[in-house]
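Protein chains: 4
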Amino acid sequence: MTTVGVLGATGAVGQRFVQLLDDHGEFDLSVVTASPSSAGDSYREAANWGLDTPIPEETADLTVRATDPGAIPDDTDLLFSALPSDVGAAVEPELCEAGFVVSSNASNERRADDVPLVIPEVNADHLDLIDVQRDQRGWDGALVKNPNCSTITMVPTLAALDEFGLERVHVSTLQAVSGAGYSGVTSMEILDNVVPHIGGEEEKMETESRKLLGEFTGTEVDDHDAVVSASCNRVPTLDGHLENVFVETRDDPAPEDVAAALADAPTLDLPSAPDPLIEVFEDPERPQPRLDRMRGDGMAIAAGGIQTTDTGIQYNCLAHNTIRGAAGASILNGELLARDGWL
Amino acid sequence: MTTVGVLGATGAVGQRFVQLLDDHGEFDLSVVTASPSSAGDSYREAANWGLDTPIPEETADLTVRATDPGAIPDDTDLLFSALPSDVGAAVEPELCEAGFVVSSNASNERRADDVPLVIPEVNADHLDLIDVQRDQRGWDGALVKNPNCSTITMVPTLAALDEFGLERVHVSTLQAVSGAGYSGVTSMEILDNVVPHIGGEEEKMETESRKLLGEFTGTEVDDHDAVVSASCNRVPTLDGHLENVFVETRDDPAPEDVAAALADAPTLDLPSAPDPLIEVFEDPERPQPRLDRMRGDGMAIAAGGIQTTDTGIQYNCLAHNTIRGAAGASILNGELLARDGWL
Amino acid sequence: MTTVGVLGATGAVGQRFVQLLDDHGEFDLSVVTASPSSAGDSYREAANWGLDTPIPEETADLTVRATDPGAIPDDTDLLFSALPSDVGAAVEPELCEAGFVVSSNASNERRADDVPLVIPEVNADHLDLIDVQRDQRGWDGALVKNPNCSTITMVPTLAALDEFGLERVHVSTLQAVSGAGYSGVTSMEILDNVVPHIGGEEEKMETESRKLLGEFTGTEVDDHDAVVSASCNRVPTLDGHLENVFVETRDDPAPEDVAAALADAPTLDLPSAPDPLIEVFEDPERPQPRLDRMRGDGMAIAAGGIQTTDTGIQYNCLAHNTIRGAAGASILNGELLARDGWL
Amino acid sequence: MTTVGVLGATGAVGQRFVQLLDDHGEFDLSVVTASPSSAGDSYREAANWGLDTPIPEETADLTVRATDPGAIPDDTDLLFSALPSDVGAAVEPELCEAGFVVSSNASNERRADDVPLVIPEVNADHLDLIDVQRDQRGWDGALVKNPNCSTITMVPTLAALDEFGLERVHVSTLQAVSGAGYSGVTSMEILDNVVPHIGGEEEKMETESRKLLGEFTGTEVDDHDAVVSASCNRVPTLDGHLENVFVETRDDPAPEDVAAALADAPTLDLPSAPDPLIEVFEDPERPQPRLDRMRGDGMAIAAGGIQTTDTGIQYNCLAHNTIRGAAGASILNGELLARDGWL
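One line per chain: the protein sequences are Z, P, X and V, in this order. full-length UniProt numbering puts the first residue of the first sequence at 1, with every later residue one more than the last. full-length UniProt numbering puts the first residue of the second sequence at 1, with every later residue one more than the last. full-length UniProt numbering puts the first residue of the third sequence at 1, with every later residue one more than the last. full-length UniProt numbering puts the first residue of the fourth sequence at 1, with every later residue one more than the last.
Incorrect hints may have been included.
Sample of chain V residues facing chain P (criterion: CB under 7 Å; computed from the structure) [to be verified]:
1. D52
2. D192
3. L291
Output of the computed footprint for chain P on chain Z, the stretches with three or more beta carbons under 8 Å from beta carbons of chain P [as the list claims (entries may be wrong)]:
4. 165-176
5. 231-239
6. 283-295
Listing some non-contacts, in silico: residues in chain Z with all C-beta distances to chain X over 12 Å [stated by the list, open to error]:
7. P54
8. A60
9. G199
10. E203
11. E248
12. A338
Read the hints as simulated data drawn from the structure, not as lab findings. Just so we're clear, the structure is a prediction, and the values are computed from it rather than from any experiment. The C-beta atom is built at its ideal place from N, Cα and C for all residues, glycine as well.
Work out the full structure: start from the sequences and follow the hints.
Spelled out as structure tokens, the structure:
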């Protein structure tokens with residue numbers, strides 16, 4: 001078994017990590033950290049457990065540690081980071097310097113030239129950027145990132161459609177409140193309402209997509225040429241980001257070609273990797289967040305509403321934002337790190 | 001005073017007509033119709049009044065009539081139609097043949113060559129198609145349509161931006177449940193959910209927009225050249241359609257030019273016409289359905305989130321779907337018909 | 001294996017039966033019925049599957065039968081009824097006369113003197129009313145009922161507290177929309193709203209509770225003396241009925257005595273029976289519908305907020321209304337029927 | 001005109017005060033205070049205006065002052081307090097000592113023997129406690145409180161029913177999220193959920209009700225004898241508290257007697273006082289929060305679902321929690337203070 005820890009384990013994403021790591025076949029969760037005020041408490045006390053499955057008993061009994069290199073046992077093989085980005089920016093480099101491998105969901109350094117930004121089914125080869133990273137930063141450890149939740153939802157579909165020549169992407173998102181964390185969206189903001197703006201989200205989708213779809217040359221990643229314009233909305237759903245995607249393509253594929261390309265997207269043989277990666281629906285009313293966010297145990301992308309336009313195609317896609325879009329994404333990256341011998 | 005009636009007065013849109021016509025300065029509501037089973041009842045009994053203002057007392061005491069030319073007094077100057085499209089398709093032509101002028105929200109015949117599809121602030125001149133219509137159909141009456149609620153929300157903004165050369169439009173809608181009528185969306189469909197499809201809606205936005213923005217030659221309307229691709233979603237809001245619009249333009253306007261063009265859109269001097277037509281917000285989190293749907297008493301368009309892209313501009317717009325998008329739209333068309341001497 | 005069927009298998013409760021019977025260790029689902037218009041279709045076609053787990057493949061391939069004694073194979077050991085009460089009233093007696101044993105969720109005949117109304121953990125002995133029933137009606141089959149969803153939520157707690165001398169019950173319910181079926185509550189009725197009335201529900205709670213808590217004398221059930229007054233509300237939750245209960249008791253138990261009585265409620269060794277029957281929370285903010293409705297796989301009762309008053313006690317209880325409150329309740333009754341040799 | 005100020009004017013209740021005081025016929029709002037960090041800003045800048053009507057322009061241009069006796073002009077006739085209770089506890093006595101009359105919605109000191117807790121239509125005579133207060137505390141000013149929002153909703157109905165001999169009250173509340181302030185309830189807590197506990201609320205209902213219904217002897221208030229047991233729930237509605245009330249009465253009134261007693265509750269001739277005070281609905285599905293919270297411009301109580309039980313009566317009542325239940329309540333108390341010559 002690989003010994004793992006979760007940094008920032010008491011927040012909304014941290015709890016999702018703890019839930020997903022319970023009974024994981026390869027990872028043994030033995031370290032949970034939180035802010036200094038919680039250090040020393042049991043996880044049961046420190047976490048105000050808010051998921052709809054019971055708190056995992058073994059983790060509940062762990063003592064919460066400070067999020068600090070000195071507080072984490074040296075033999076912890078892999079750390080998952082659910083830290084806020086400002087804390088991540090401060091602590092993750094220290095941990096990597098101290099020799100830890102960190103698979104992080106925090107947004108800091110996602111765009112850094114020597115930090116791999118990875119969705120295993122899309123760009124597993126970018127992991128080799130770790131060599132460049134270690135070289136440049138003198139680290140024994142490593143820092144690997146997964147993209148933002150709204151980006152992850154779309155990019156596997158774009159990767160599957162790149163064979164038709166991606167040229168231009170317009171995307172509107174309908175994002176669930178859990179993406180903002182437990183207290184990120186108040187009830188008075190969102191009941192009977194939509195908020196048509198999520199700070200920084202549009203830029204993340206535009207830049208992270210191009211890096212993920214880019215080509216790793218051996219020393220760096222060349223961004224994909226396609227321009228992405230995003231419009232991001234918060235809607236009154238709990239979990240599951242739905243996205244309307246319009247893609248202008250070089251070729252002129254028929255809807256059935258598009259459906260086939262999505263349905264046949266390559267999958268990986270990793271514990272958390274879904275098969276198929278993308279579930280394609282014929283019913284134009286699907287996918288829907290509540291009905292389809294748990295496809296593939298929350299790790300699959302659901303797609304539907306495929307149509308052609310005069311300049312390309314349009315379709316909808318959906319993923320569970322705190323599983324495939326956050327905690328599950330980091331865990332899958334961790335499984336890839338383990339398989340490829342980086343731990 | 002102009003004597004008016006409402007066809008289909010007991011449904012969700014019909015009730016909105018009744019609410020808006022209460023205390024209207026120029027229109028006197030004296031006729032309400034419904035399905036044969038309600039004919040003879042008082043409106044109070046027939047309508048299961050569901051709006052959050054009390055039922056207007058004078059209308060409550062009216063006796064409901066059948067939706068039938070023979071049941072409507074000849075001296076009714078103007079009829080508003082809140083009929084379902086299949087009923088409208090059967091009854092509206094009969095009424096026009098019998099000499100009534102009908103301002104209709106029903107979707108039947110919106111695309112007919114000789115039926116004016118009108119938003120007064122956008123294409124008031126299309127009303128002259130009535131001469132063509134009377135000529136071709138031999139009617140003494142007239143049939144005028146307002147567009148679909150999702151189309152009305154966007155088209156005033158597109159009209160204001162046409163000075164920059166509209167070439168291509170991508171739009172995603174986040175539509176309120178009231179757009180589907182009182183029983184159109186069940187609670188189990190929409191709580192904690194989004195439905196990414198509204199039957200026929202995308203096609204309506206694509207075709208109606210081009211007709212509205214088209215040029216009236218004196219005998220027909222030449223559709224605008226811009227291609228519109230729409231993706232329509234139902235979200236858990238009660239009223240107010242929010243739309244994310246991406247426009248490719250010939251010119252390259254700055255955001256402040258776009259804002260000025262929207263804010264300066266021409267207004268009309270009609271009782272229900274808002275001034276300004278378009279309220280422009282600087283705060284990127286606005287407009288929001290719950291906070292902004294009642295701007296201009298529900299008749300204004302709210303816009304915000306203006307940004308430029310590499311090929312044009314993107315922004316959000318919002319309107320109250322059962323006021324500006326349905327009942328209020330027909331009433332405004334009725335006011336235009338009165339002003340221009342068609343009654 | 002016991003061969004079972006589901007009557008009315010395409011509705012909201014019918015689908016829940018199909019979901020729960022998938023992979024049931026003792027029951028093999030081989031018959032699904034629906035209205036005549038669906039007979040002959042595959043279940044996949046006939047059901048517009050609306051649950052958030054995939055449709056069970058084996059059931060999906062079954063051919064839907066008419067809800068009619070002649071259409072159901074004689075060797076079907078047990079029928080579960082998810083029929084509307086008017087259809088149940090017409091068909092269930094015919095089926096029982098034809099020799100079938102029917103475990104029914106439909107509300108018809110729940111109050112009939114010779115029809116057992118059963119929650120296995122509360123009044124399993126009432127099942128012996130079947131002898132009376134067969135005697136009086138000349139049936140080879142049998143008809144057994146589970147109570148209404150709002151009643152099931154409360155009665156196991158009342159049974160556990162009867163040791164303190166139940167004298168008077170006031171209860172307010174906060175009921176989920178799924179209790180009204182897929183189309184029972186429209187979105188316009190319930191978004192940003194509460195409906196403080198559910199037709200017939202209050203009377204069901206008042207009469208069914210007393211029968212369930214009553215004593216079976218060998219020939220009939222003597223209702224419990226305690227008077228129940230209920231006030232029933234529909235709230236914007238999907239699943240899970242929450243109830244505020246005020247009980248006047250003969251004795252004067254301390255809160256910890258109440259908690260212990262609830263936590264120690266007897267359980268049964270049946271496949272669907274949860275253990276514990278009642279999960280007691282110390283946190284006064286629990287139970288909550290979304291977080292706690294799936295306790296015991298949706299079959300447990302959750303309780304909390306225990307306080308004493310000057311005349312007795314008050315507390316909250318919660319159960320999943322379409323599992324413990326409907327389909328799961330009938331299945332549990334079926335398991336009891338099987339164990340006790342009635343099939 | 002009476003010159004008034006609002007303490008804590010930028011919060012959710014503070015904004016409601018500002019909205020309601022716009023165009024008030026007798027009160028001229030000229031002072032707004034907030035926390036020190038906002039002092040010196042315009043109200044437009046300091047308030048993140050969140051109501052669905054535009055910010056009143058005159059108030060928007062006021063300069064925000066610190067909530068401090070020294071910062072408030074001496075000639076301010078009346079101060080409304082929308083302060084949090086801890087701030088209210090610190091500042092309100094200072095202001096009263098400095099000679100200001102404060103009509104406060106804050107919960108501090110509501111139970112103090114010499115502080116009038118007033119609903120004008122219920123216990124206007126309790127205002128004479130001010131003489132006792134001034135005597136005991138040596139103040140030139142005065143402190144008057146309105147009760148908690150959930151209490152205000154119920155007490156006018158109890159007062160109207162006291163003629164039948166109130167003996168015991170059980171009440172369950174279904175309270176809107178706005179009652180907790182703008183950020184009090186997160187979206188993740190309440191979407192598809194109910195929270196069956198509101199800290200301190202049950203005790204407030206139990207004690208405040210008895211004081212409001214109590215008798216003023218000239219020197220003190222003797223609490224009413226009736227015991228109140230409350231169970232308080234937060235539900236996913238924006239505004240409007242709905243309550244299920246069970247009352248045990250000495251007499252045995254028929255439902256029509258109850259309806260008449262409620263409908264005939266005495267009203268007052270004050271600018272914000274509704275007439276009737278209590279609107280009684282025959283339809284058992286009414287009142288509903290979204291449809292009925294704005295009755296009487298948000299100041300009326302709506303009641304319905306009247307039934308008799310073996311020990312008394314049960315019914316539902318509803319009021320707008322931030323108008324009748326908070327800001328409007330304080331303003332109405334202010335109007336009473338003005339009428340009775342206390343300013």
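So, going through the hints one by one against the coordinates:
no., hint, verdict
1, D52, "holds, 5 Å"
2, D192, "holds, 5 Å"
3, L291, "holds, 5 Å"
4, 165-176, "holds (count 4)"
5, 231-239, "holds (count 6)"
6, 283-295, "holds (count 8)"
7, P54, "violated, 8 Å"
8, A60, "holds, 15 Å"
9, G199, "holds, 26 Å"
10, E203, "holds, 33 Å"
11, E248, "holds, 34 Å"
12, A338, "holds, 30 Å"
When each numbered hint is compared with the structure, a violation occurs for hint 7 only.
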